[in-house]
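Listed below are the residues making up each chain.
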Amino acid sequence: GESVGLHLPTLSVQEGDNSIINCAYSNSASDYFIWYKQESGKGPQFIIDIRSNMDKRQGQRVTVLLNKTVKHLSLQIAATQPGDSAVYFCAVGNDMRFGAGTRLTVKP
Amino acid sequence: DAGVIQSPRHEVTEMGQEVTLRCKPISGHNSLFWYRQTMMRGLELLIYFNNNVPIDDSGMPEDRFSAKMPNASFSTLKIQPSEPRDSAVYFCASRRSVRTYNSPLHFGNGTRLTVT
Chain B
7 GESVGLHLPT LSVQEGDNSI INCAYSNSAS DYFIWYKQES GKGPQFIIDI
57 RSNMDKRQGQ RVTVLLNKTV KHLSLQIAAT QPGDSAVYFC AVGNDMRFGA
107 GTRLTVKP
Chain L
1363 DAGVIQSPRH EVTEMGQEVT LRCKPISGHN SLFWYRQTMM RGLELLIYFN
1413 NNVPIDDSGM PEDRFSAKMP NASFSTLKIQ PSEPRDSAVY FCASRRSVRT
1463 YNSPLHFGNG TRLTVT
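Keeping their order, the protein sequence lines are chains B and L. Each residue of the first sequence is one higher than the last, beginning at 7 in the working numbering. Each residue of the second sequence is one higher than the last, beginning at 1363 in the working numbering.
Hints were generated in silico from the structure; no laboratory data involved. Here the structure is a predicted model, which means the values were calculated and not measured. Treat the hints with caution; some may be incorrect.
[Said to hold, decoys possible] Computed list of lysine-lysine pairs in DSS-like fashion (alpha-carbon distance at most 30 Å, straight line):
#1 1440/L with 1386/L
#2 48/B with 1430/L
#3 62/B with 48/B
#4 1430/L with 1386/L
#5 48/B with 1386/L
#6 62/B with 113/B
#7 1430/L with 1440/L
#8 77/B with 62/B
#9 1440/L with 77/B
[As the list claims (entries may be wrong)] Computed footprint of chain L on chain B, listed as stretches where at least three residues anywhere in the stretch have a Cβ under 8 Å from a Cβ of chain L:
#10 50-63
#11 91-100
#12 103-109
Don't be surprised by glycine CBs; every beta carbon is placed ideally from N, CA and C.
Could you put together the complete structure from these sequences and hints?
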């Protein structure tokens, strides 16, 4: 089955800095990838997705990079804000298996 | 758009009791997922349905767990009998799935289950 894991369980950044959250996956046939943000007491919220025919996709202040060669996915958040503090998950494949999550803390 | 609706929001029950969690997916979505979230195991996929048919239930931990989707607008996750180790937050999520195209999952706010 799919094995999805995150490199860093916690990340602490200064407000205004850029954040990078990483995710490794094991199934090279995976063709769909999503990043979610989860705030306390809420369900995961969609941030951005990317399909395997792309290697980069940008949204508002966020960029997802996909490296299929090394089976690695990253989420970049520009000018990180206190409201970005949350747990971030990657989800991989059509059956949406989730990684362990990374807790992002933004220091003012 | 009301979003994915889960009920109850919180459930406290005694070991051995039957627990039923409910989910109403977003109208027009034809795929529904059930997840369990704990500190130790993270967000685990339990089961998912496409067009009301269970596709993969390999994540259902034991025979005590069962899930149904009698129609496109309703699903239940039942635990009978419940045990303290079932305590977790249970999430339901839905999306539109057409052949090779999948839209992102939309999650409900979860049911926090405590089994004493």
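Hints, one by one, checked against the model:
no.	hint	result
1	1440/L with 1386/L	holds (15 Å)
2	48/B with 1430/L	holds (24 Å)
3	62/B with 48/B	holds (28 Å)
4	1430/L with 1386/L	holds (12 Å)
5	48/B with 1386/L	holds (17 Å)
6	62/B with 113/B	holds (28 Å)
7	1430/L with 1440/L	holds (8 Å)
8	77/B with 62/B	holds (14 Å)
9	1440/L with 77/B	violated (36 Å)
10	50-63	holds (count 4)
11	91-100	holds (count 3)
12	103-109	holds (count 5)
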